[in-house]
Amino acid sequence: MAQSPQYKVYYFASAREAANDTTSESFDYPPTCQSGPDGSGLRISVQEVLARCVAKHPGLQAVVDRCMVALNQEYVPQGTGCDQVWVKPNDEVALIPPVSGG
Amino acid sequence: MSAQSDVERLAAENAALQTRIQALTKENSRLKAPQTSPPLPDPSPLTAFTQVESLNNPEIARYSRQLLLPEVGVQGQLSLRNASVLVVGAGGLGSPCILYLAAMGVGKIGVIDHDTVEISNLQRQVIHSESRAGLSKARSARLAVHELNSDCHCIAYDLVFDYTVALSVAAEYDVVVDATDNVPTRYLVNDTCVLLGKPLVSASALKLDGQLTVYNYAGGPCYRCLFPVPPPPETVTNCSDGGVLGVVPGILGTLQALEVVKILTGVKAKEAPTLLLFSAFSSPTFRSIKIRGKQAHCAVCGTQPTITELQDYVAFCGSQPTDGPVHLNLLPAGDRITCADYHTLRQTGQPHLLVDVREPVQYDICRLPGSLHVPWRDFAQRVPDILAAREAVSHQPIYIICRLGNDSQEAVLHLRERGVVDAKDIVGGLLEWHQSVDPTFPAY
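Chains A and B, in that order, give the protein sequences.
The numbering of the first sequence is the UniProt record's numbering, which starts it at 1 and goes up by one.
The numbering of the second sequence is the UniProt record's numbering, which starts it at 1 and goes up by one.
Source of the hints: derived by calculation from the structure; they are not laboratory data.
Incorrect hints may have been included.
Dumping the calculated EDC-like pairs for lysine to aspartate or glutamate here, alpha-carbon to alpha-carbon at most 20 Å [to be verified]: (1) B:K290 x A:D21; (2) B:K270 x A:E74; (3) A:K56 x B:D378; (4) A:K56 x A:E74; (5) A:K88 x A:D21; (6) B:K290 x A:D91; (7) B:K262 x B:D378; (8) A:K56 x A:E17; (9) B:K290 x A:E92; (10) B:K294 x A:E74; (11) A:K8 x A:E74; (12) B:K270 x B:E13; (13) A:K56 x A:D91; (14) B:K198 x B:E172; (15) B:K290 x B:E309; (16) A:K88 x A:D28; (17) A:K8 x A:E25; (18) A:K56 x A:D21.
Derived DEER-like restraints, expressed as beta-carbon distance ranges [what the hints assert, rightly or not]: (19) B:S168 x A:P58: 55 to 63 Å; (20) A:S24 x B:G349: 49 to 57 Å; (21) B:D312 x A:A51: 29 to 37 Å; (22) B:L310 x A:P30: 45 to 53 Å; (23) B:A340 x A:A51: 28 to 36 Å; (24) B:L413 x A:D83: 47 to 55 Å; (25) B:F316 x A:G59: 46 to 54 Å; (26) B:L413 x A:T32: 36 to 44 Å; (27) A:A51 x B:E147: 39 to 47 Å; (28) A:D65 x B:A61: 20 to 28 Å; (29) B:L413 x A:G59: 13 to 21 Å; (30) B:F286 x A:A55: 46 to 54 Å.
A quick note: this is a predicted structure, and the numbers were derived from the prediction, not measured.
All C-beta atoms, glycine included, are put in the ideal place defined by N, C-alpha and C.
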């Protein structure tokens, strides 16, 4: 049987610690997830991806709003429009909080 | 010869010798006297920095390995020679960056840092040395630069880079390197560069992670475009709390020197802006994230900026412009005990339970005998263990200790919420124990 479609989340720096020292993990799509209206296949918004990360690791709550988010190594602006950026199977989302030490 | 003339001759000789003795005594005491102000290097060079139209023969010989690279060549080397770079922070990032900029032949380097060299800096701040402990980092860096390349025009600013000096200092330079160690100064350096129109080569490093980006350059974003809101202070870890592997800032600072070269030689303007992520113990070690151009709604570099002058960055970030330890005061004095009083309590053998809430790596470094180890991150789940251990000492009071006396207060508050009222925290933690009770106890 083929593996169910998944997307992957990477946690960097303090986000990794807030996610219980997880470097990366794969998520299944929630059963409510629909294919896009254009038939583009299974998809979930970046906003919902972040919400599911926080649900799994409550420690991320304090960090996630201030993180830079990248989808497939490309910056995604948080806030407006974030619910219209889609994460497809095998896509990679990265949570990148600022590091300030030096 | 008469006895009379002998006496006169001896008296004259005696007088001459006495004068000589006096002179030698004076000279001796002058040489032996402690020097009240040891001679320090002149903080600013004697001659002004001037640009040149061609390289001289010593420069051609010195930089031949770079001149041989088509990507650098005479024009590129001349660009470095005529450029000025301000490095904000002479710490873990600044150390290799300053050294390489000086080595590669950047004409003028400004170094601004208000800190002094400490021995615990040396595992990563390789521009400094044991012999310069206690000296200002800016001056120590300047000494190192001049030892390496006496042609480099290096200016040491033994100052805090704050809003009162930021614009006037940075205005003197072509490129600014952010090698600072704290959040407020990162926003300050960013806004300064946006207001002055200077490219900003920014990096950061902590534990095993680092980031590198060039901001405010060739239509790329500024720091606020990517991180418009500062992280909550309680989520920000500094090197003195979280630790840092020495070579990690070394790698990032070295890459900053590379980015400066790419800006000065014009290569960088052709590249799309990226954020480079470094994770020392992950695979892959480097990742590059494509970032967008400047954000139209950015508060400082956007189309309608709300920030048009430097502001209060300490208030904006809710944290201090240092990476030093924070001392919280969460408990009334009656719920706390000083190290001296706790020492007396131990010496008189009063039964009690001592709980150490530090991370396991810290507990491995040193601990007080007889302590129960419950790391703060597991504390909530392990309260039953603490209560069971307390029963073993017939329900005696609980004292909680950590490194600095912050987590210990949080732990006391947590126990209060769980109905345990006879717990106290030890003020100042094990660092204070080292300072006021037992100097042989390790400090870290």
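(request) Compare the distance between the alpha carbons of K270 (chain B) and E13 (chain B) with 20 Å, and conclude whether the hinted pair is satisfied. (result) Violated - the C-alpha atoms of E13 (chain B) and K270 (chain B) are around 86 Å apart, more than 20 Å.
(request) Below or equal to 20 Å on CA atoms is what counts here, so check K8 (chain A) against E74 (chain A). (result) holds (14 Å)
(request) Given the range 45 to 53 Å, decide if the beta-carbon distance of L310 (chain B) to P30 (chain A) lies inside it. (result) This hint holds: roughly 46 Å between Cβ atoms.
(message) Within 36 to 44 Å: is that where the Cβ-Cβ distance between L413 (chain B) and T32 (chain A) falls?
(response) holds (40 Å)
(request) Evaluate the given range 46 to 54 Å for the C-beta pair formed by F316 (chain B) and G59 (chain A). (result) With a Cβ separation near 25 Å, F316 (chain B) and G59 (chain A) fall outside 46 to 54 Å, so the hint is violated.
(message) Checking one constraint from the list: CA of K262 (chain B) to CA of D378 (chain B), max 20 Å. Satisfied?
(response) violated (47 Å)
(message) Can you confirm whether the C-alpha distance between K56 (chain A) and D91 (chain A) stays at or below 20 Å?
(response) holds (19 Å)
(message) Need the status of pair K290 (chain B), E92 (chain A): alpha-carbon distance at most 20 Å?
(response) Roughly 14 Å between the alpha carbons, so the hint for K290 (chain B) and E92 (chain A) holds.
(message) Taking 47 to 55 Å as the stated bounds, is the beta-carbon spacing between L413 (chain B) and D83 (chain A) within them?
(response) violated (38 Å)
(request) Given the hint of 39 to 47 Å, check if A51 (chain A) and E147 (chain B) actually sit that far apart at their C-beta atoms. (result) About 55 Å separates the Cβ atoms of A51 (chain A) and E147 (chain B), which means 39 to 47 Å is violated.
(message) So if I understand the rule, the pair passes when the alpha-carbon distance is 20 Å or less; does K88 (chain A) with D28 (chain A) pass?
(response) Holds, at roughly 11 Å.
(request) Using the beta carbons of L413 (chain B) and G59 (chain A), state whether their distance is inside 13 to 21 Å or not. (result) With Cβ atoms ~19 Å apart, the hint holds.
Hint check: violations occur at hints 1, 4, 5, 7, 12, 15, 19, 23, 24, 25, 27, 28 and 30; the rest are consistent with the structure.
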